[in-house]
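The whole structure should be built from the sequences, with the hints applied where relevant.
In order, the protein sequence lines correspond to chains F and D.
Reminder that position 256 of the first sequence reads as 1526 in the numbering used here, one-by-one numbering, no gaps.
Reminder that position 113 of the second sequence reads as 249 in the numbering used here, one-by-one numbering, no gaps.
Treat the hints with caution; some may be incorrect.
Claimed, not checked - Away from chain D, derived, C-beta distances all over 10 angstroms, residues of chain F:
1) Ile1322
2) Ile1336
3) Pro1365
4) Asp1393
5) Thr1424
6) Phe1430
7) Lys1472
8) Lys1487
9) Glu1570
Unchecked claim - Pairs of lysine to any residue residues, derived as SDA-like cross-links and limited to a Cα-Cα distance of at most 20 angstroms, are as follows:
10) F:Lys1465 / F:Pro1508
11) F:Lys1364 / F:Pro1404
12) D:Lys221 / D:Gly272
13) F:Lys1348 / F:Lys1412
14) F:Lys1490 / D:Arg264
15) D:Lys196 / F:Asn1594
16) F:Lys1487 / F:Pro1561
17) D:Lys221 / F:Asn1594
18) F:Lys1459 / F:Leu1506
19) D:Lys184 / F:Asn1450
20) D:Lys184 / F:Asn1330
21) D:Lys273 / F:Lys1364
22) D:Lys221 / F:Phe1569
23) F:Lys1511 / F:Val1471
24) D:Lys218 / F:Asn1563
25) D:Lys273 / F:Pro1561
26) F:Lys1326 / D:Arg238
27) D:Lys218 / F:Lys1412
28) D:Lys196 / F:Asn1450
29) F:Lys1326 / D:Gly243
30) F:Lys1490 / D:Asn210
31) D:Lys221 / F:Asn1563
32) D:Lys196 / F:Ile1322
33) F:Lys1412 / F:Ile1322
34) F:Lys1326 / D:Glu242
35) F:Lys1465 / F:Ile1530
36) D:Lys273 / F:Ala1549
37) D:Lys273 / F:Phe1568
38) F:Lys1326 / D:Gln244
39) F:Lys1348 / F:Gly1324
40) D:Lys268 / F:Gln1546
To be clear, the hints were calculated from the coordinates, so they are not data collected in a lab.
Glycine included, C-beta positions come from ideal geometry on N, C-alpha and C.
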Amino acid sequence: MSNNFSRRGFIKAAGSVAAVSTLPVTLVELAFAKAADNFTFAYISDAHIQHIRGTKFVNNWDRGLIRAVAETNLMTPKPDFVMFGGDLAQLATKPELDHGAGMLAKLNAPVRMVMGEHDYYLDLGEYWSKLFGPQHYSFDHKGVHFVVLNSILTHDDWTFNRWPTPEQRMLEMAGLDNPNGSPFMVGEKQREWLKQDLAKVKMDTPVVVFSHSPIQKIYKGWNFWTDDAEEVQALLKPFDKVNVIYGHVHQIQYNQIGNIAFNSVMATAWPWPYPQSYAQAEQYLPKLTIPMNRADPFFERDATGWQMINVNNGRVDLAYNLYNNRSRTVAFDHKRGHPADTQLQDVALEPNRTHF
Amino acid sequence: MNTTIIRRCLAAAVGAAIAVGSAGAQADEFTKQDLERWEAQFMQVVQKGRELWTDPKLGKNGVACAQCHPNAANSHPETYPKFQKQIGKVITLPEMINWCIRNPLEGQPLPVDSPEMTALVAYATYERRGVKLEPGKH
Chain F
1271 MSNNFSRRGF IKAAGSVAAV STLPVTLVEL AFAKAADNFT FAYISDAHIQ HIRGTKFVNN
1331 WDRGLIRAVA ETNLMTPKPD FVMFGGDLAQ LATKPELDHG AGMLAKLNAP VRMVMGEHDY
1391 YLDLGEYWSK LFGPQHYSFD HKGVHFVVLN SILTHDDWTF NRWPTPEQRM LEMAGLDNPN
1451 GSPFMVGEKQ REWLKQDLAK VKMDTPVVVF SHSPIQKIYK GWNFWTDDAE EVQALLKPFD
1511 KVNVIYGHVH QIQYNQIGNI AFNSVMATAW PWPYPQSYAQ AEQYLPKLTI PMNRADPFFE
1571 RDATGWQMIN VNNGRVDLAY NLYNNRSRTV AFDHKRGHPA DTQLQDVALE PNRTHF
Chain D
137 MNTTIIRRCL AAAVGAAIAV GSAGAQADEF TKQDLERWEA QFMQVVQKGR ELWTDPKLGK
197 NGVACAQCHP NAANSHPETY PKFQKQIGKV ITLPEMINWC IRNPLEGQPL PVDSPEMTAL
257 VAYATYERRG VKLEPGKH
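This is the structure we're talking about:
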């Protein structure tokens, strides 16, 4: 498609970012009665800024976030705001959060934050909140109701009683495949807040929910999972158009459950394998999802990137800007009634797409 | 042959004769205990491999193998030996593990016959058990 082609062209040109003032981003915009209903925001997620010692940080992860910020600043038209989808830090330390916040401060659009487990389990989000504010909140923008959840909470017993030190608690939760971890959840208190928050919203108002973990159950072993997903979905069910956008999984996923469309975003740090590549586990990758091609570490930025999200008619289209891979767009297909890849949805898997 | 060697040969022959006489010690026979011991030995090495796979000190920058490869997924031990673009030739899994140690982990490569490398290979392969061998596949 020519759209994709030109996008790839400009991303190549963006290699010499300093020389370029704006990125010729052309998003497919559908025509609606009220053009003001359409708007674009950017989504950057999972930077995993990792402190080594002193002033040293893992360079690879730094580069991923620096590039996302630089490219986002070149978007035309300017995004209305930028979301950061959680896991700014690797082990939630002050040096990591400060270093990450410094990089995000270079964004020239308003930034809103989502809490990730790598930001949280050292001091239970205290320093993060000092830097970025509340851990769950909502806001309205151009007729859309946005909700930000802290979906990475877990059982109190695990959080408060199980580990001798906060550092160990953080390390245990940081290991994706660690059997000592604990399933993510939104929790009763926050679900009650969500219920109250949504009580003021009309049923035909489009709702967009941002969470770090998927508000659906895909694979528990790696916490591609939210334990009270069904309870949260039940609160969202009465609304005509609901979109959930989540990070954590470091790969493209999408799904549709009733009226709720689900989209994941990429990490800027590193890609994760699809759970079906772990031969010992049962998993439930949504059938709709056309997986990404297999990661190839030959490219330092393989299968990492950021997203431009176009909101039109209350649904979201995600344009994935992948640094070393073919760009993809997953847009809500109004005829099918679910998100679909604009190019690959009906294409038979190429041989290299069967090896995750 | 000097006398020492002759004496050793004799001793070995006598030893073999005794072994032939005792039950369960034939080359083609082993007991349940043998199997359990061999498996325990293997699982000990797998366990050591899991520890190294998740160890931030394997490299030099605090990054662990498991950060990108949870449960060693997407390391594909069943496809080695294979052509690996970044090395430019057909290599085995230990060589690829060393590429990862040098690059994302910014560390020093391990001798390919070191107990640490054997443990890493054992862990990655164990997590992929049951998957058919496809050497060379990309």
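Problem - Given hint Lys1412 of chain F paired with Lys218 of chain D - CA-CA distance at most 20 angstroms - result: With a Cα-Cα distance of about 53 angstroms, the restraint between Lys218 of chain D and Lys1412 of chain F is violated, given a limit of 20 angstroms.
Handout entry: Agreement of Lys1326 of chain F and Gln244 of chain D with the hint, judged by alpha carbon distance not exceeding 20 angstroms
Key = 19 angstroms, holds
Exercise for the section: Could you check that no beta carbon of chain D comes within 10 angstroms of the beta carbon of Lys1487 of chain F? Expected result: It holds; Lys1487 of chain F is separated from chain D by about 17 angstroms at its closest Cβ, greater than 10 angstroms.
Practice task
Mind checking the alpha carbons of Lys273 of chain D and Lys1364 of chain F for me, to see if they're no more than 20 angstroms apart?
Solution key: Violated, because 44 angstroms separates the two Cα atoms, which is more than 20 angstroms.
Problem - Distance restraint between Lys1326 of chain F and Arg238 of chain D, which requires alpha-carbon spacing of 20 angstroms or less - result: At roughly 18 angstroms apart (the allowed maximum being 20 angstroms), Arg238 of chain D and Lys1326 of chain F satisfy the hint.
Problem - Given as non-interface: Pro1365 of chain F, which should sit over 10 angstroms from chain D by C-beta - result: 12 angstroms, holds
Exercise for the section: Could you grab the alpha-carbon distance between Lys196 of chain D and Asn1594 of chain F and see if it respects the 20 angstroms cut-off? Expected result: This hinted pair is violated, its Cα atoms lying about 25 angstroms apart.
Handout entry: 20 angstroms limit on alpha-carbon distance, applied to hinted pair Lys273 of chain D and Phe1568 of chain F
Key = This hinted pair holds, its Cα atoms lying about 16 angstroms apart.
Handout entry: Pairwise hint evaluation, Gly1324 of chain F against Lys1348 of chain F, where the allowed Cα distance is 20 angstroms at most
Key = 36 angstroms, violated
Exercise for the section: Assess, step by step, whether the Cα of Lys273 of chain D is no farther than 20 angstroms from the Cα of Ala1549 of chain F, and give holds or violated. Expected result: With a Cα-Cα distance of about 17 angstroms, the restraint between Lys273 of chain D and Ala1549 of chain F holds, given a limit of 20 angstroms.
Problem - Lys1459 of chain F paired with Leu1506 of chain F [C-alpha distance capped at 20 angstroms] - result: Holds, at about 16 angstroms.
Handout entry: Distance restraint between Lys221 of chain D and Phe1569 of chain F, which requires alpha-carbon spacing of 20 angstroms or less
Key = The hint holds at about 10 angstroms.
Violated hints, in rising order: 1, 9, 15, 20, 21, 27, 28, 33, 39; the structure is consistent with all others.
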